[in-house]
Amino acid sequence: GAVVSQHPSRVICKSGTSVKIECRSLDFQATTMFWYRQFPKQSLMLMATSNEGSKATYEQGVEKDKFLINHASLTLSTLTVTSAHPEDSSFYICSASPPIRTGNYGYTFGSGTRLTVV
Amino acid sequence: AQKVTQAQTEISVVEKEDVTLDCVYETRDTTYYLFWYKQPPSGELVFLIRRNSFDEQNEISGRYSWNFQKSTSSFNFTITASQVVDSAVYFCALSKNSGYALNFGKGTSLLVTP
Numbered sequence: 004g005a006v007v008s009q010h011p012s013r014v015i016c017k018s019g020t021s022v023k024i025e026c027r028s029l030d031f032q033a034t035t036m037f038w039y040r041q042f043p044k045q046s047l048m049l050m051a052t053s054n055e056g057s058k059a060t061y062e063q064g065v066e067k068d069k070f071l072i073n074h075a076s077l078t079l080s081t082l083t084v085t086s087a088h089p090e091d092s093s094f095y096i097c098s099a100s101p102p103i104r105t106g107n108y109g110y111t112f113g114s115g116t117r118l119t120v121v
Numbered sequence: 044a045q046k047v048t049q050a051q052t053e054i055s056v057v058e059k060e061d062v063t064l065d066c067v068y069e070t071r072d073t074t075y076y077l078f079w080y081k082q083p084p085s086g087e088l089v090f091l092i093r094r095n096s097f098d099e100q101n102e103i104s105g106r107y108s109w110n111f112q113k114s115t116s117s118f119n120f121t122i123t124a125s126q127v128v129d130s131a132v133y134f135c136a137l138s139k140n141s142g143y144a145l146n147f148g149k150g151t152s153l154l155v156t157p
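Protein chains in written order, with this note's numbering: chain A, 4 to 121; chain W, 44 to 157.
Hints were generated in silico from the structure; no laboratory data involved.
Warning: the hint list may mix true and false statements.
In silico contact screen, one side only, chain A against chain W (beta carbon under 8 angstroms); selected entries [what the hints assert, rightly or not]: (1) L49; (2) F94; (3) Y110; (4) F112.
Computed from a predicted model, the values in this text were never measured in an experiment.
Beta carbons: idealized from backbone N, C-alpha and C, even for Gly.
Can you build the whole structure from these sequences, using the hints too?
Okay, structure coming up:
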């Protein structure tokens with residue numbers, strides 16, 4: 004249980020275009036989702052917290068007009084990279100706060116999206 | 044503010060050796076959660092363990108074990124009899140509470156050679 008599906012897994016786009024990444028919770032409702040970015044050989048850096056039905060909360064230094072986040076339902080959050088540039092090339096990964104249950108459980112992560120802007 | 048330090052950037056061991064990955068954390072919260080995740084070359088994050096601040100019991104799961112010590116703010120991870128399939132980047136992470144984002148350490152890259 005607690006599966007998060009992220010699509011696409013890889014995308015190559017031209018500079019100046021926009022790319023949408025989807026993150027779906029398949030078997031639970033996620034009121035809160037998180038978007039991270041990971042550059043090669045580096046750690047995961049939180050970009051924003053996405054809350055269903057309200058505006059996302061962005062971390063300092065993350066341009067909210069460039070990285071548009073929409074969390075329109077309890078099972079879907081999207082990240083749109085607008086007017087992408089080569090420096091936006093990175094690994095983007097979403098996560099959902101898990102439903103409360105017994106046992107040893109953690110935050111569930113999507114499989115990630117490798118974005119390459121050419 | 045929360046901070047997670049994984050001082051070991053890269054570790055290389057020979058198969059069957061034991062290896063310990065260190066994690067030191069800082070937080071002002073009295074309630075918090077600690078996690079370990081494995082990230083193989085494919086990129087997905089594999090959950091290994093969650094520990095809350097009230098539970099200092101050590102945990103063993105097969106070849107994996109974790110040592111949580113609040114007195115030293117450490118949550119170390121030991122792999123016994125390492126295998127090539129253990130090669131990956133391992134992240135220690137901290138969260139304030141359920142529903143808050145994870146704060147990751149920089150990760151430790153483990154290479155296990157035959």
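Hints versus structure:
1. The restraint placing L49 (chain A) at the interface with chain W holds, with a minimum CB-CB distance near 5 angstroms, inside the 8 angstroms limit.
2. Satisfaction of the interface hint for F94 (chain A) is found here, the shortest Cβ-Cβ separation to chain W being roughly 6 angstroms, below the 8 angstroms cut-off.
3. Taking 8 angstroms as the C-beta contact cut-off toward chain W, the hint placing Y110 (chain A) at the interface holds, the least distance being around 6 angstroms.
4. Against a cut-off of 8 angstroms between C-beta atoms, the interface hint on F112 (chain A) holds, since the closest Cβ of chain W lies about 4 angstroms away.
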